[in-house]
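J.: Sequence order for the protein chains is W and F.
Under UniProt numbering, the first residue of the first sequence is numbered 1, with each subsequent residue one higher.
Under UniProt numbering, the first residue of the second sequence is numbered 1, with each subsequent residue one higher.
Among these hints, one or two may not hold up.
[As the list claims (entries may be wrong)] With the Cβ distance kept under 10 Å, some of the chain F side facing chain W (calculated, not the full set): (1) Ser19; (2) Asp20; (3) Asn40; (4) Ala41; (5) Ser46; (6) Leu47; (7) Glu58; (8) Ser61; (9) Ile64.
[Unchecked claim] Anything over 12 Å on all C-beta distances counts as not near chain W; from chain F, calculated: (10) Asp8; (11) Ala10; (12) Lys16; (13) Lys21; (14) Glu50; (15) Pro66; (16) Asp68; (17) Lys76; (18) Ile78; (19) Gly79.
Just so you know, the hints here were simulated from the structure itself, not pulled from any lab data.
For every residue, glycine included, the Cβ atom is placed at its ideal position computed from N, Cα and C.
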Amino acid sequence: MEELESESSTIITISDVLEYLFCPRFIYFMYCLDIPQHEENRFKVIKGRDVHKKRQMTNREYVRKKLNCISKESEVYVVSKAHHIKGIVDEVLFLEDNTAAPLEYKFAEYKDKVFSTYKYQLVLQALLIKENYNIEVQKGYICYTRSNSMIKELAFKLSDFKKANDIIKDIIQIVDKGKYPQATKSKNKCIDCCYRNICA
Amino acid sequence: MLVWVIYDIADDPIRKKVSDKCKNYGLYRVQKSVFLGDLNANQRDSLAIECEDLIDPEVDSVYIFPMDDESFRKVKLIGQAFDKELVSDEVLTTFF
Chain W
1 MEELESESST IITISDVLEY LFCPRFIYFM YCLDIPQHEE NRFKVIKGRD
51 VHKKRQMTNR EYVRKKLNCI SKESEVYVVS KAHHIKGIVD EVLFLEDNTA
101 APLEYKFAEY KDKVFSTYKY QLVLQALLIK ENYNIEVQKG YICYTRSNSM
151 IKELAFKLSD FKKANDIIKD IIQIVDKGKY PQATKSKNKC IDCCYRNICA
Chain F
1 MLVWVIYDIA DDPIRKKVSD KCKNYGLYRV QKSVFLGDLN ANQRDSLAIE
51 CEDLIDPEVD SVYIFPMDDE SFRKVKLIGQ AFDKELVSDE VLTTFF
């Protein structure tokens, strides 16, 4: 596994990790079989992208003082060759305590818990910010735009970063070796999956 | 899960758009402004946002009621009734 990480030149996106966490088979269908998801046909995806664009254009200078933020950078494109990952962070917040934190906008309602997909998205963004800005990242924020822009804070543990790295290794193995992974254990997810007709 | 979609929309073109959306989601027309069919949680949510985008919330209303199978069996039909069997998902699956 360790060897594979250093040898592989594959760079995956943070979105790939979200899809992997939803179901590992997504990676196989997308990268090994090259079957697109056509997520752009889903109204919620289009609407979410629209909300993102509008948010980008409004209140650009607004800094969240409630989160002890002193400055921010928006739509930051970050890459890490060491971690084999790239992605865009909606906002990088620079906090009073000389640490930074990623902030992610979600076109979603808050339903009493933060999903692990969201959590690991923030963890990966934290990894990328750490490496690119050389600054400590201890927590991240999610803004639920459909719950009156409610903000949820997530504190990162060391084990979260380790788990995130393991997930990346797993994904790269699927992409590089064409390994057919196990489907998600949660069958509820299959009901609305775009690959349900071809997934054995 | 079975879902009832009931609306009261003032503007003709908007009403048409909402009814087209309902049809696109595979719902069955029960009355002029009443649709019924089987939708999963995400489809329900998605249809709600689409309707929200179309209507004028100051004057129009759209209700989306989920209903469990047990309650659906208790539904009483009087007069020009719709075909209950056609709407329930068990019968629909035999078509495909």
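J.: Against this structure, judge whether each hint is valid.
T.: Consistency of the hints with the structure:
A least Cβ separation of about 16 Å between serine 19 of chain F and chain W goes past the 10 Å threshold, and the interface hint is therefore violated. The interface hint given for aspartate 20 of chain F is broken, as the beta carbon of that residue sits about 13 Å from the closest beta carbon of chain W, more than 10 Å. Contact between asparagine 40 of chain F and chain W, as hinted, is supported at the beta carbon level, the nearest pair being about 5 Å apart and thus within 10 Å. Look at alanine 41 of chain F: its Cβ gets to within about 8 Å of chain W, closer than 10 Å, so that hint holds up.
Nearest Cβ of chain W to the Cβ of serine 46 of chain F: about 5 Å, under the 10 Å cut. The hint holds. Interface restraint check: leucine 47 of chain F against chain W, minimum CB-CB distance 8 Å, threshold 10 Å, status holds. At its closest, the beta carbon of glutamate 58 of chain F sits 20 Å from a beta carbon of chain W; the interface hint therefore is violated under the 10 Å criterion. Of the supplied interface hints, the one on serine 61 of chain F is violated, with its beta-carbon coming no nearer than about 20 Å to a beta-carbon of chain W, more than 10 Å.
Because the smallest distance between the Cβ of isoleucine 64 of chain F and any Cβ of chain W comes to about 15 Å, over 10 Å, the interface hint for this residue is violated. Every C-beta of chain W lies more than 12 Å from that of aspartate 8 of chain F, the closest at about 22 Å, which supports listing it as non-interface. Look at alanine 10 of chain F: its CB is around 23 Å from the nearest CB on chain W, clear of 12 Å, so calling it non-interface holds up. Taking the minimum C-beta to C-beta distance to chain W, about 18 Å, the non-interface status of lysine 16 of chain F holds against the 12 Å cut.
Listed as outside the interface, lysine 21 of chain F is inconsistent with that label: its C-beta sits roughly 9 Å from the nearest C-beta of chain W, within the 12 Å cut-off. With 12 Å as the threshold on Cβ separation, the claim that glutamate 50 of chain F sits away from chain W is violated: the shortest Cβ distance comes to roughly 5 Å. Against chain W, the non-interface label of proline 66 of chain F holds: every CB pair exceeds 12 Å, the least being about 14 Å. Non-interface call for aspartate 68 of chain F relative to chain W: holds, since the shortest CB-CB distance, roughly 16 Å, exceeds 12 Å.
Listed as outside the interface, lysine 76 of chain F is consistent with that label: its C-beta sits roughly 30 Å from the nearest C-beta of chain W, beyond the 12 Å cut-off. At the 12 Å boundary, the C-beta of isoleucine 78 of chain F stays outside the reach of chain W, the nearest C-beta of that chain being 34 Å off. Separation of glycine 79 of chain F from chain W is adequate, the least Cβ-Cβ distance of about 35 Å exceeding the 12 Å criterion.
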